[in-house]
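**Q** In case you want the letters, here they are:
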Amino acid sequence: MKAARFELAAPTSLGEALELLERHGDGAKVIAGGQSLMPLLALRFAQPEVLIDLNRIEGLAGIRQLDDGGVALGAMTRTRELEMDPTIAAQVPLAAQAAPLIAHRAIRNRGTVGGAVAHADAAAELPAVMLACGATMVAVSTTGRREIPAADFFLTHYTTALEPTEILVELRLPAPPAGAGTAFEEISRRHGDFAMTGAATMVHLSRGRVRDARVALIGVADRALALDTTSLLDQFPRREALEEFATAAAAGLDPSSDQHASAEYRRHLAAVLVRRTLESASAAAAA
Amino acid sequence: MPGDRRIEVEVNGARRRGECEARTTLADFLRDELGLTGTHLGCEHGVCGACTVLVDGRAVRSCLMLAAQAEGAAVMTIEGFADDPRGRALQEAFRASHALQCGFCTPGFLATAHELLADADGAPLGEEEIREAISGTLCRCTGYANIVKAVAAVAAGEP
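Residue numbers (the numbering used here), protein chains in the order written: chain A, -11 to 275; chain B, 1258 to 1416.
A hint or two may mislead.
So the derived label-pair ranges between C-beta atoms look like this [stated by the list, open to error]: (1) ARG1397(B) <-> LEU2(A): 41 to 51 Å; (2) ARG1397(B) <-> SER1(A): 44 to 54 Å; (3) ASP1313(B) <-> GLY3(A): 26 to 36 Å; (4) GLU46(A) <-> GLY1270(B): 36 to 46 Å; (5) SER129(A) <-> GLY1379(B): 25 to 35 Å; (6) GLU1385(B) <-> PRO74(A): 45 to 55 Å.
Not everything, but these chain B residues come out facing chain A in the computed CB check (under 7 Å) [what the hints assert, rightly or not]: (7) GLY1299; (8) GLU1301; (9) HIS1302; (10) GLY1303; (11) ARG1318; (12) HIS1355; (13) LEU1357; (14) GLY1360; (15) SER1392; (16) GLY1393; (17) LEU1395; (18) ARG1397; (19) GLY1400; (20) ASN1403; (21) LYS1406.
These are computed hints drawn from the structure, not numbers from a lab.
C-beta atoms are modelled at their ideal positions from N, C-alpha and C, and glycine is treated no differently.
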């Protein structure tokens, strides 16, 4: 199908884009890489009056290492850059572990990190990475700049804490502390498909015990879902303890059934993936 | 195609100007405005990969990019492959390996493989790597085995 008619604005500065967004309000959509929005336009699920294209704005893309070892990702950074950049692999390995699993290469060539996070598909990888990293989203509007912790950012299906007049400009990922390990795993029907379920996990060990752990799941709720990991704290990361945590966590989920997987199967996958990622993140932390 | 926008894109080494609407995809612009119908549209929403072309050397689904966004970019479509050494080698290998039957998906596979080979820069490619790279492109005829064989042959330096 062909998209319904819209006006296309291609501002060359962020200020211009923000003014356009403020002027057109709910009638406008922001387009970044377009790898989620273009299908929605083609299927006419989205019919904006105005499309504001961020691709001609200088300075919104790029990967920058921060003084504290973390990394700032410009919102227009392509997913393929995230996958290939050596700084990402060295400083925020969880993002590098997740990146190759995001759709297909031709999609990663265009799709952007900010677009994926702002689109907030409940089965997308990057929102879970943001939660498990404890990342901060930086949004701007004509009235100022706001930093939003990942934990407060993802609200429900395709809905984030961004106001209609705000544009997401940067994702800040702190480096995991020394003694931490990470893992990302997902299960999809075919390589590159949206995952039925996936888990992004960070484990921080101190003297062999869990000092901190963050686990975020995709495909099992209306958004990327951070688990309560309190019961893991101070435990040795032995298989039985991790399995017990994973089983209890999965039992507390209420995923929906669709043509790809039943709710019961998704709960099963969640238990397996939580246990597996906790094991490999703990092994990486201990290494 | 009625259009209120004029754009200029380099296509297969030549500067091409044309008209489009804001909503016109790069795929429709190539096919309907420039007459380059070798770019095939299957699903038109980014699932089948048939419309994949090279934009500034990168494989891109031309149904998921607006024509206006390609202003100033260099696009290579299947019509440009015969004049490109790697493109030519891929075409010959696909023919030699019987890597196509109906041919509808072939332009998308060739663009996808072209980028993979450019990134590999002469290194041989394993079957897993090739299968992962082409996983975003659907073929309903061949069962993929001969496509993998053709790409591996080019990577190994055989025609």
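**Q** Would you mind marking each hint as holding or not holding in the structure?
**A** Taking the hints in turn, this is what the structure says about them:
1. In this structure the hint that ARG1397(B) and LEU2(A) lie 41 to 51 Å apart at CB holds, the actual value being about 44 Å.
2. Distance hint check for ARG1397(B) and SER1(A): the Cβ-Cβ separation is about 46 Å, which falls inside the suggested range of 44 to 54 Å.
3. A hinted range of 26 to 36 Å holds for the C-beta pair ASP1313(B) and GLY3(A), which are about 27 Å apart.
4. Taking the beta carbon of each, GLU46(A) and GLY1270(B) are about 27 Å apart, not inside 36 to 46 Å as hinted.
5. Separated by about 49 Å at the C-beta atoms, SER129(A) and GLY1379(B) break the suggested range of 25 to 35 Å.
6. Under the hint 45 to 55 Å, the C-beta atoms of GLU1385(B) and PRO74(A), about 23 Å apart, miss the expected range.
7. Given the 7 Å rule on beta carbons, the hint for GLY1299(B) is violated: about 12 Å separates it from the nearest Cβ of chain A.
8. The closest approach between the C-beta of GLU1301(B) and any C-beta of chain A is roughly 5 Å, which is under the 7 Å cut-off, so the hint is satisfied.
9. Using the Cβ-Cβ criterion of 7 Å, the hint placing HIS1302(B) at the interface with chain A is satisfied: the shortest such distance is roughly 4 Å.
10. Contact between GLY1303(B) and chain A, as hinted, is supported at the beta carbon level, the nearest pair being about 5 Å apart and thus within 7 Å.
11. A least Cβ separation of about 5 Å between ARG1318(B) and chain A falls short of the 7 Å threshold, and the interface hint therefore holds.
12. About 24 Å separates the beta-carbon of HIS1355(B) from the nearest beta-carbon of chain A, more than 7 Å, and the hint is not met.
13. Interface hint at LEU1357(B): violated, since its Cβ lies 19 Å from the closest Cβ of chain A, which is beyond the 7 Å cut-off.
14. A least Cβ separation of about 19 Å between GLY1360(B) and chain A goes past the 7 Å threshold, and the interface hint is therefore violated.
15. For SER1392(B), the interface hint holds, since its Cβ comes within 7 Å of a Cβ in chain A; the closest pair sits about 4 Å apart.
16. Hint status for GLY1393(B) relative to chain A: holds, with the closest Cβ pair at about 3 Å, below 7 Å.
17. Below 7 Å, beta-carbon pairs count as interface contacts, and LEU1395(B) has none with chain A, the closest being about 10 Å; its hint is therefore violated.
18. With a least beta-carbon distance of about 14 Å to chain A, the hint placing ARG1397(B) at the interface is violated under the 7 Å criterion.
19. For the restraint placing GLY1400(B) at the interface with chain A, the shortest Cβ-Cβ distance is roughly 14 Å, beyond the 7 Å limit, so the hint is violated.
20. For ASN1403(B), the interface hint is violated, since its Cβ never comes within 7 Å of a Cβ in chain A; the closest pair sits about 19 Å apart.
21. A distance limit of 7 Å between C-beta atoms decides the matter here; for LYS1406(B) the minimum to chain A is near 19 Å, and the interface restraint is violated.
The structure does not agree with the numbered hints 4, 5, 6, 7, 12, 13, 14, 17, 18, 19, 20, 21 stated previously, though it agrees with the rest.
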